[in-house]
Amino acid sequence: MRQLVVIGNGMVGHRLVEAVLSRDTDTPWQITVLGEEPRPAYDRVALSSYFDGSGEEELRLPDLAERPGVQVLLGESAAALDRGARTVTTSAGRILAYDELVLATGSSAFVPPVSGRDLPGCHVYRTIDDLEGITATAAAATGRGDTAGVVVGGGLLGLEAANALTLLGMQAHVVEMAPWLMPRQVDEGGGAVLGRLVDDTGVVCHTGAALAGIEPAPDGAGLRVLLGEEGPDRRIVDAGIVVFSVGVRPRDELARSAGLEIGPRGGAAIDAACRTSDPRIYAVGECASAEGTVYGLVAPGNAMAEVAADNLAGGDAAFTGGDTATKLKLLGVDVASFGDAQGATEGALEVVVNDAPGGTYAKLVVSDDATTLLGGVLVGDASAYAGLRPLVGRELPGDPLDLIAGDRGGSGGGVGVAALPDDAQVCSCNAVTKGAITTAIAEGETDIPALKACTKAGTSCGSCVPMLKNLLADSGIEQSSALCEHFEYSRAELVEIITATGVSTFSELIDRHGTGRGCDICKPAVASVLASLGGGHILDGEQAALQDTNDHFLANLQRNGTYSVVPRVPGGEITPDKLVVIGEVAREFGLYTKITGAQRIDLLGARVEQLPAVWARLVEAGFESGHAYGKALRTVKSCVGSTWCRYGVQDSVGMAIRLEMRYRGLRSPHKLKSAVSGCARECAEARSKDFGIIATDTGWNLYVGGNGGFTPRHAELLAADLDDETLVRYIDRYLMFYIRTADRLQRTSAWIEQLDGGLGHLRAVVVEDSLGIAAELEQDMQRHTAGYADEWRGVLEDPEKLERFVSFANAPDAPDPTIAFDIERDQPVPTGPVALGMPEPPAREPATAPSGGAARHEPAGTPV
Amino acid sequence: MSLPAREPATAPTGGAARHEPAREPADPDRLRVAACGSDKLGAERGVAVLLPDGGQVAVFRTHDDVLYAVGNIDPFSGAAVMSRGIVGDRAGEPTVASPMLKQVFSLRTGRCLDEPEVGLSTYAVELRDGVVHVCTRPDEGTTT
Chain A
1 MRQLVVIGNG
11 MVGHRLVEAV
21 LSRDTDTPWQ
31 ITVLGEEPRP
41 AYDRVALSSY
51 FDGSGEEELR
61 LPDLAERPGV
71 QVLLGESAAA
81 LDRGARTVTT
91 SAGRILAYDE
101 LVLATGSSAF
111 VPPVSGRDLP
121 GCHVYRTIDD
131 LEGITATAAA
141 ATGRGDTAGV
151 VVGGGLLGLE
161 AANALTLLGM
171 QAHVVEMAPW
181 LMPRQVDEGG
191 GAVLGRLVDD
201 TGVVCHTGAA
211 LAGIEPAPDG
221 AGLRVLLGEE
231 GPDRRIVDAG
241 IVVFSVGVRP
251 RDELARSAGL
261 EIGPRGGAAI
271 DAACRTSDPR
281 IYAVGECASA
291 EGTVYGLVAP
301 GNAMAEVAAD
311 NLAGGDAAFT
321 GGDTATKLKL
331 LGVDVASFGD
341 AQGATEGALE
351 VVVNDAPGGT
361 YAKLVVSDDA
371 TTLLGGVLVG
381 DASAYAGLRP
391 LVGRELPGDP
401 LDLIAGDRGG
411 SGGGVGVAAL
421 PDDAQVCSCN
431 AVTKGAITTA
441 IAEGETDIPA
451 LKACTKAGTS
461 CGSCVPMLKN
471 LLADSGIEQS
481 SALCEHFEYS
491 RAELVEIITA
501 TGVSTFSELI
511 DRHGTGRGCD
521 ICKPAVASVL
531 ASLGGGHILD
541 GEQAALQDTN
551 DHFLANLQRN
561 GTYSVVPRVP
571 GGEITPDKLV
581 VIGEVAREFG
591 LYTKITGAQR
601 IDLLGARVEQ
611 LPAVWARLVE
621 AGFESGHAYG
631 KALRTVKSCV
641 GSTWCRYGVQ
651 DSVGMAIRLE
661 MRYRGLRSPH
671 KLKSAVSGCA
681 RECAEARSKD
691 FGIIATDTGW
701 NLYVGGNGGF
711 TPRHAELLAA
721 DLDDETLVRY
731 IDRYLMFYIR
741 TADRLQRTSA
751 WIEQLDGGLG
761 HLRAVVVEDS
771 LGIAAELEQD
781 MQRHTAGYAD
791 EWRGVLEDPE
801 KLERFVSFAN
811 APDAPDPTIA
821 FDIERDQPVP
831 TGPVALGMPE
841 PPAREPATAP
851 SGGAARHEPA
861 GTPV
Chain B
1 MSLPAREPAT
11 APTGGAARHE
21 PAREPADPDR
31 LRVAACGSDK
41 LGAERGVAVL
51 LPDGGQVAVF
61 RTHDDVLYAV
71 GNIDPFSGAA
81 VMSRGIVGDR
91 AGEPTVASPM
101 LKQVFSLRTG
111 RCLDEPEVGL
121 STYAVELRDG
131 VVHVCTRPDE
141 GTTT
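Chains as they are written, first to last, in full-length UniProt numbering: chain A, 1 to 864; chain B, 1 to 144.
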């Protein structure tokens, strides 16, 4: 048994231990990991998602302590290193002997030596503890009205911190000494575009600005941040919080005190095997200096961990430099840089496409003979990143200008995926190579969902989905967009056909453009399209036969054949009188009641023939259908907003009601959910919705494409600080564009993911009207709004429709004898267990009446 | 509840022969029940019919005016909902989809086209003097 001590429990230390454990060695290791932080190892790169609602649990890395032979000491750091005795003394006084030692102590945030940097309210952005401190300070500051927050440093981490402050409901200011943001990754042209894009998100950028000092505010609670020289150019920002993200410094104290050789910019100097000047001691990650370079990114750290692990196991792997490519999406802005982004190579040439009005910038750095790709910068649209990055150091597959300017036709990035080598990463989020995808295709995965499930490609940002499609096409697999066997068109194509031809019935549509008589897939889809294009009551004429059972009975089918009834409660606001009515109706009809997750009241267990009587009572009291059944707008949830809440900055209830009333009954490819939060605390959980609105000091931020359900996803910012009218206009356009172009049952998140150009394209259409259809979309919505009528009332007022609400054609009021209820927690619930699995064959019904279960089938109708 | 899976003892297992005793000579009219006026059964929609013995049948009219009747209880969920399913066709075969979990059944044979081992009973149905009539006993040997 050999003793390995790893000092540091961050991402790279964690990776090193995993890499060591994954290698078979003759003599097993006894591994001890020292972690200074009191918590288990977590994903520091994803730290910002902590503010997105991910808790510490979600950031946590797999627990090494569960692996045999591994001991993890949390909250215990290395106090001293005795190289002669080969021991480490810990902060707890423990003495650990080692055969081999790995330093993975990482780095610490650098705080520039300005006056006031130690004042309460000043933070660094490095650990979960830091984040907790920032959250507390921000809450206290916004609570007393100090809503501005200053981030010192406009690099990668600084923009992350600005994003975090925005999510905490603050107005973020970024102070960057260089003339543009992200000066290490992005050149001047890209920086200019980036600055505008960041400005557009509501973050205030102070570039070319030096931090002169920080003072306590006169009121004693806040801070005053002083920028620039004293005199007329001096700027003062009153802030509730200051976050330093200027840079990091290697944690090399231990290496220094133990007499190890130190690199020119700090950090333990290492050779190609990641050994320090003491052959028994390795150093990996941000505390190591490789050929004088200290890498501040996780990818080179991981590479070092693998190299060190290999050498510990007797191998001879070498670290030859780290990949410093970065791609990020912060505040909704795409930025990527890779290879020799700054054109430092001798004779390097640059090819630039600078579309300042369009908010995109792309630059390729190529060799002096323009044959080899050296690096590049992409701002505003980084969709070409996945295709370009793997080509660094290789021959260009074509004219460099075409590679970045060619991305106009939605080909999914400037580089044809066919030109990529097999080791090229197609999905950079999940590090999936082209080879892995073509292998999966060869093994029989023939559509996008299958490829996503099997390779994970396309499951994060979705920007590579078009490339996946191209790979499938290149393999000769045609992706059918046909709805079903009856229509060879996609839902979006059917919308176009119906709009262009004016066809208004299913029969006519299938006669002219389809085959057969339809099915449970195409009929509801066409019904939805007809309804969203303004087709009158959904049970009028032939349309009635198209509807799925929920739309047919304007209620939601439950597992025992009964239905649930949900009256609309816009914004969740309801009067006591109305509450009483709901309670009375439920009592009278013996219904199970439950508050739904969407701030409404569900009345469950109504039989078909009871529905009209239930509605009659509700409609009389002023309720209308809540559309809890169809693929339609369900609800707009809200918090109490500025009316009641101490923190609310806008009237979220009023806005939620306005939006719900505007879009009620709107039929769409999938159900639509929405929420409005009155401040950045986000109590309405708006970012889990198809469209979510979060109040700011100056207006509304509109987020789109969120969803709960099977594939949860946070909504992303579409536009910021909108006034009421602009907000409504953008939502009109967004919803109608979705209704027109999405696939059947495609949620907004998947729809945006699949749009060529993704969120950027959506923003262009909705905000900038890039397709010139905004007015048309708004008119469509206007028509819907004007034509809205309550569907329940429509049934109650139409004797012909009413006749359909019977239990049996020959015994209209006889309750279905198979429906019975038990009582659970004082309420009726379906008699169980209801079989939902596979029945055993043959499933022949006995000719006689149900007998075995008859005893339980008490006459229905008296469930309580 | 007539789910064979839950009541294997009562499920017919021997095929058509087991049904013979039930088909003793009788007035044919006593084996039929008037379901509803033809005008109450819209094209490509169904209605549920309660049989005198408490059983239920789902009766459908297809686009070309043909009437079909199958058991109303969805064998997958045990709920009496088949009459509320969407009528259509699969490769020309007239079908109804269970509104519960969407399995598709042939209206002619009752067989589930997604799970061929599962099926619905079929019933004779006819139009007499503008009234839809359904046989109160399932057809023989149509679903195995």
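FYI, nobody ran anything at the bench for these hints, they're computed from the structure. There's no promise every hint is true.
Simulated pairs of lysine to any residue, SDA-like, Cα-Cα distance not exceeding 25 Å [stated by the list, open to error]:
hint, chain 1, residue 1, chain 2, residue 2
1, B, Lys102, A, Lys456
2, B, Lys102, A, Gln558
3, B, Lys40, A, Lys456
4, B, Lys102, A, Pro264
5, B, Lys40, A, Ala613
6, B, Lys40, A, Glu508
7, B, Lys40, A, Ala811
8, A, Lys327, A, Lys456
9, B, Lys40, A, Ser504
10, B, Lys102, A, Gly332
11, B, Lys102, A, Arg793
12, B, Lys40, A, Val829
13, B, Lys102, A, Arg658
14, A, Lys452, A, Lys594
15, B, Lys102, A, Val829
16, A, Lys801, B, Asp39
Only a predicted model underlies this, so the values are computations on that prediction, with no experimental measurement involved.
Against the structure, the hints:
1. Between Lys102 of chain B and Lys456 of chain A the CA atoms are separated by roughly 29 Å; this puts the pair beyond 25 Å, and the hint is violated.
2. Restraint check: the Cα-Cα separation between Lys102 of chain B and Gln558 of chain A comes to about 14 Å, which is no more than 25 Å; the hinted pair holds.
3. A C-alpha spacing of about 52 Å is found between Lys40 of chain B and Lys456 of chain A, which places the hinted pair above 25 Å, so the restraint is violated.
4. Taken as a hint, the Lys102 of chain B and Pro264 of chain A pair is broken in the structure, with Cα atoms around 69 Å apart against an allowance of 25 Å.
5. Under the criterion of a C-alpha separation no larger than 25 Å, the hint pairing Lys40 of chain B with Ala613 of chain A is consistent with the structure, at around 21 Å.
6. Between Lys40 of chain B and Glu508 of chain A, the direct Cα distance comes to roughly 23 Å. Compliance with the 25 Å bound is thereby established for this hinted pair.
7. The hinted pair formed by Lys40 of chain B and Ala811 of chain A meets the criterion: a straight-line CA distance of about 13 Å does not exceed 25 Å.
8. For the given pair, Lys327 of chain A sits about 18 Å from Lys456 of chain A by alpha-carbon distance, which is consistent with the 25 Å threshold.
9. With a C-alpha separation of about 24 Å, the suggested pair Lys40 of chain B and Ser504 of chain A falls inside the 25 Å cut-off, and the hint holds.
10. A threshold of 25 Å between alpha carbons decides the hint, and for Lys102 of chain B with Gly332 of chain A the separation of about 39 Å lies outside it, so the pair is violated.
11. Taken as a hint, the Lys102 of chain B and Arg793 of chain A pair is broken in the structure, with Cα atoms around 29 Å apart against an allowance of 25 Å.
12. The suggested pairing of Lys40 of chain B with Val829 of chain A is violated, with an alpha-carbon distance near 32 Å, which exceeds 25 Å.
13. Among the hinted pairs, Lys102 of chain B with Arg658 of chain A is inconsistent with the structure: their alpha-carbon atoms are about 36 Å apart, more than 25 Å.
14. Distance restraint check for Lys452 of chain A and Lys594 of chain A: the Cα-Cα separation of roughly 37 Å exceeds the 25 Å cut-off, and the hinted pair is therefore not satisfied.
15. Restraint check for Lys102 of chain B and Val829 of chain A: satisfied, since their Cα atoms lie roughly 23 Å apart, inside the 25 Å limit.
16. With a C-alpha separation of about 13 Å, the suggested pairing of Lys801 of chain A with Asp39 of chain B holds against the 25 Å cut-off.
Figure legend: structure checked against the earlier numbered hints; hints not met, in rising order: 1, 3, 4, 10, 11, 12, 13, 14.
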